[in-house]
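Asks: Chain A is already provided as a structure; the job is to place chains B and C on it using the hints.
Chains as they are written, first to last, in numbering that gives the first Met the number 0: chain A, 0 to 280; chain B, 0 to 228; chain C, 0 to 294.
Just so you know, the hints here were simulated from the structure itself, not pulled from any lab data.
C-beta atoms are modelled at their ideal positions from N, C-alpha and C, and glycine is treated no differently.
Any given hint could be a false lead.
[What the hints assert, rightly or not] Cross-link-like lysine-lysine pairs, in silico, PhoX-like; alpha carbons within 25 Å at most:
{"id": "1", "chain 1": "A", "residue 1": "149", "chain 2": "C", "residue 2": "42"}
{"id": "2", "chain 1": "A", "residue 1": "149", "chain 2": "A", "residue 2": "164"}
{"id": "3", "chain 1": "A", "residue 1": "164", "chain 2": "A", "residue 2": "214"}
{"id": "4", "chain 1": "A", "residue 1": "149", "chain 2": "A", "residue 2": "214"}
{"id": "5", "chain 1": "A", "residue 1": "214", "chain 2": "C", "residue 2": "42"}
{"id": "6", "chain 1": "A", "residue 1": "162", "chain 2": "A", "residue 2": "149"}
[Said to hold, decoys possible] One-sided excerpt, in silico: chain A residues whose CB lies under 7 Å from chain B:
{"id": "7", "residue": "172"}
{"id": "8", "residue": "174"}
{"id": "9", "residue": "175"}
{"id": "10", "residue": "185"}
{"id": "11", "residue": "188"}
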Amino acid sequence: MRKHTMGLLAMAAASTLALSACGGAEVGGEPEEGASAGGDGITIGIKYDQPGLGLQDGAEYTGFDVDVARYVANELGYSEDQITFKETPSANRESMLQNGDVDMIFATYSITDERKEVIDFAGPYFVAGQDLLVAADNTDITGPEDLEGKNLCSVTGSTSAEKIKTDYAEGVQLLERPGYAECVTALAAGQVDAVTTDDIILAGLSAANGDGNLKVVGAPFSEERYGVGLPKGSDRCEDINAAITKMIDDGTWEELVAANTEGADYTPNADLNPPTPDACA
Amino acid sequence: MNDYLSGLGALLQQYDVLGAFWTNIQLTFWGALIALALGTLLALMRISPIASLRWAGATYVSVFRNTPLTIIMTFMVMGVWTALQIQLADNFEDNFFRLAVVGLAVYHAAFVCEAIRSGVNTVPLGQAEAARAIGLSFLPAARLIILPQAFRGATAPLGNTLIALLKNSTVAAAASVSWETSSTMKTMIEFNPNYLWEIFAVFAIGYVILVIPIGLLTTWLSQRLAVKR
Amino acid sequence: MSASVLFDAPGPRARSWTLVGNIVGALVVLAVAAWVLVQLDSKGQLEPQLWADAVSARTWQYYLIPGLLNTLRAAAFAIVGSIVFGLVFGMGRLSQVSLVRGVSGTVVEFFRAVPVLLMMVFFYGLFGQLLPGVSDKAFLAVVVALILYNGSVIAELVRSGVGNLPRGQGEAGLAIGLTPGQTLRSIQLPQALVAMLPAMVSQIVVVLKDSALGQLIGYQELLRTGQIVYSADGNPLQVLTVVAVVFIVLNLLLTVVAHQLSRLLSSRTAGQTIEGTGIGNPTAVAAGAGGPNNI
Numbered sequence: 000m001r002k003h004t005m006g007l008l009a010m011a012a013a014s015t016l017a018l019s020a021c022g023g024a025e026v027g028g029e030p031e032e033g034a035s036a037g038g039d040g041i042t043i044g045i046k047y048d049q050p051g052l053g054l055q056d057g058a059e060y061t062g063f064d065v066d067v068a069r070y071v072a073n074e075l076g077y078s079e080d081q082i083t084f085k086e087t088p089s090a091n092r093e094s095m096l097q098n099g100d101v102d103m104i105f106a107t108y109s110i111t112d113e114r115k116e117v118i119d120f121a122g123p124y125f126v127a128g129q130d131l132l133v134a135a136d137n138t139d140i141t142g143p144e145d146l147e148g149k150n151l152c153s154v155t156g157s158t159s160a161e162k163i164k165t166d167y168a169e170g171v172q173l174l175e176r177p178g179y180a181e182c183v184t185a186l187a188a189g190q191v192d193a194v195t196t197d198d199i200i201l202a203g204l205s206a207a208n209g210d211g212n213l214k215v216v217g218a219p220f221s222e223e224r225y226g227v228g229l230p231k232g233s234d235r236c237e238d239i240n241a242a243i244t245k246m247i248d249d250g251t252w253e254e255l256v257a258a259n260t261e262g263a264d265y266t267p268n269a270d271l272n273p274p275t276p277d278a279c280a
Numbered sequence: 000m001n002d003y004l005s006g007l008g009a010l011l012q013q014y015d016v017l018g019a020f021w022t023n024i025q026l027t028f029w030g031a032l033i034a035l036a037l038g039t040l041l042a043l044m045r046i047s048p049i050a051s052l053r054w055a056g057a058t059y060v061s062v063f064r065n066t067p068l069t070i071i072m073t074f075m076v077m078g079v080w081t082a083l084q085i086q087l088a089d090n091f092e093d094n095f096f097r098l099a100v101v102g103l104a105v106y107h108a109a110f111v112c113e114a115i116r117s118g119v120n121t122v123p124l125g126q127a128e129a130a131r132a133i134g135l136s137f138l139p140a141a142r143l144i145i146l147p148q149a150f151r152g153a154t155a156p157l158g159n160t161l162i163a164l165l166k167n168s169t170v171a172a173a174a175s176v177s178w179e180t181s182s183t184m185k186t187m188i189e190f191n192p193n194y195l196w197e198i199f200a201v202f203a204i205g206y207v208i209l210v211i212p213i214g215l216l217t218t219w220l221s222q223r224l225a226v227k228r
Numbered sequence: 000m001s002a003s004v005l006f007d008a009p010g011p012r013a014r015s016w017t018l019v020g021n022i023v024g025a026l027v028v029l030a031v032a033a034w035v036l037v038q039l040d041s042k043g044q045l046e047p048q049l050w051a052d053a054v055s056a057r058t059w060q061y062y063l064i065p066g067l068l069n070t071l072r073a074a075a076f077a078i079v080g081s082i083v084f085g086l087v088f089g090m091g092r093l094s095q096v097s098l099v100r101g102v103s104g105t106v107v108e109f110f111r112a113v114p115v116l117l118m119m120v121f122f123y124g125l126f127g128q129l130l131p132g133v134s135d136k137a138f139l140a141v142v143v144a145l146i147l148y149n150g151s152v153i154a155e156l157v158r159s160g161v162g163n164l165p166r167g168q169g170e171a172g173l174a175i176g177l178t179p180g181q182t183l184r185s186i187q188l189p190q191a192l193v194a195m196l197p198a199m200v201s202q203i204v205v206v207l208k209d210s211a212l213g214q215l216i217g218y219q220e221l222l223r224t225g226q227i228v229y230s231a232d233g234n235p236l237q238v239l240t241v242v243a244v245v246f247i248v249l250n251l252l253l254t255v256v257a258h259q260l261s262r263l264l265s266s267r268t269a270g271q272t273i274e275g276t277g278i279g280n281p282t283a284v285a286a287g288a289g290g291p292n293n294i
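Pulled out of the complex, with its shape left as it was, chain A reads as follows (with noise of 0.2 Å):
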């Protein structure tokens, strides 16, 4: 039975194959050359839905990791349009490195011993770290030891609601959505308290949606040291890291900053940032 069913797995598998080579819709519009990881391109790995930091804005994409990607890539020797942007969630980021699906991640990808058993690591490029969002009129709320007994609201598949369960407050109740807007919303609403997730990421969501209804508390309580995702073993890591601190001796990286958390009140934590970045692996 076994190899009768892989057999037409694989004429089914080989035949969508041999179509699907023919190209369907990029959303975006993007054209197609270089999709593919490897080739004259480079395939990068961004958000598609965090605004500041990686957003498809109609045919465009914007934010601060999407900017950082772009000089990164130049300082590679890859020119603008040599460079594809792909869609990469948090949950599916690990596999869609070891599938070769992109080339390197810029997509608020926190280093950590567990992720870096996994796939390699150039940077920090900067650090974050994790806060509330709640109403504008809201004062009770000040950190995580709050929210006992409070609606807290995050995505599926990010371990920052789980933390503030085990480290803070047991008794807050979870709401986990698919993507920030929809916690946003619910936050409005009034249905949730507070959203979690890294600071830079709530000040472009309360500078995109909130019309000043919402605020960052503004008391971190984590480090999150965004780091550019790569396969492990790659040979980029080096030369990544020295685009890097290229990007912020020369300045580069201030105006980005500045220009990705326009309208947000969002300074980042001036001890921690710039960062300078790790040795290579």
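Replies: Structure of chains B and C alone, referenced to chain A:
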């Protein structure tokens, strides 16, 4: 080999697979109960003498049968709960569970309705004529003559709808019920990609074990209950 | 419906009651609708800008239409693949060789029992390991999962389609000296296929709806691109409404096609055309719909 087995054992201990299946079984049970009640009502509406009820029933079926369940589930959380502020329980776990049950019920009620209608079609004309001849009006005729036979004739499609409901209960993931089987399986695979086949096998076999008896029972019942004509 | 035998034509008293009932019913519906609108408005969800964004040219051009094309692409490959799969395994279940029958039966029953979403998650992981460097794994996972499930359903359609033909068709084939295999291929199957065609069109509805599950593994179909655009514009409810309407209209059109096909083709086969209920279970339709006792 020992390493492999102990690794797999640890994996199954770390995640509550049985609990996840139990969640889907509960979702299915409550969803089926409500869907059956609602579907029967819809079927009655669709065969009733009142044109507006027929129209309302048909519209309901067209809309819900043609909307992806994922979207209905998302609407339960984003529309019913967030925007309309309809809360079904004080704590989140029960609240989203019940919202998911309602989502499953309103979707599958459309199919229950069509299953019962197909059952109505198995009732010979003479039965309805006889009911009218002895002076029964629509509701008594439906209750005493038509529906009892229709349900027996609809056993097979109703059983199939129940199987579909059980499998579709995995879509409760879209209504923030993150402790059911598909979410559990996704998390397990994400953190243990080397056990991909085994994890899938556990969940797939779990569903086969649940579905096959329902299928066999349905076939047996539909033969046993079939009205001899 | 006007010729229903379930009830007498309503008399003057019943008609006036119906009228009162209709008015009361309409008022209840209006009241609920008004309450919903007030609730939405109090949450600022009726703001014209949110709705305008959801249907703007930019939303269609860069998000919804590319997403819809991806949905249709997945559905198209899935339906073609399902038909091939369904024919192979449907014929396998009718085979003279008991081993082939057994294997086909096991495959079909297995894939009908496993939820499509679990298959998508599994194949997404599997293709990740087997096909490094292929860029569209989510697409492949969606298509393969849809083929295995819907193909199994079509296999059952083939089997029940042949089973529903009058016995005389098969007997006639054997009587003129055809082998059982030849009888199946040249007499029974062609008629069964004509009878199944409407049900197959209905199956496309199932495929289209299930393709939206691809969102959960990151395939950029219509629902996912909707999520991306409402992340940018902050209008989840509005965009979801638009996406739902697109799905409903598409599926209604397909249902109409299935219905017309069923009427058109009923004279082309000795069996009965089966329309399909859209939930993906052929036995559900074989049992009743279109029977001679249409009350």
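Asks: Against each hint, give a clear statement of whether it holds in the structure.
Replies: Consistency of the hints with the structure:
1. 149/A / 42/C: 20 Å, holds
2. 149/A / 164/A: Within the cut-off at roughly 11 Å; holds.
3. 164/A / 214/A: 22 Å, holds
4. 149/A / 214/A: Distance ~17 Å between residue 149/A and residue 214/A Cα, so the pair holds.
5. 214/A / 42/C: Within the cut-off at roughly 18 Å; holds.
6. 162/A / 149/A: With a Cα-Cα distance of about 15 Å, the restraint between residue 162/A and residue 149/A holds, given a limit of 25 Å.
7. 172: 4 Å, holds
8. 174: 6 Å, holds
9. 175: Holds, because the Cβ-Cβ distance from residue 175/A to chain B comes to roughly 5 Å (cut-off 7 Å).
10. 185: 5 Å, holds
11. 188: 5 Å, holds
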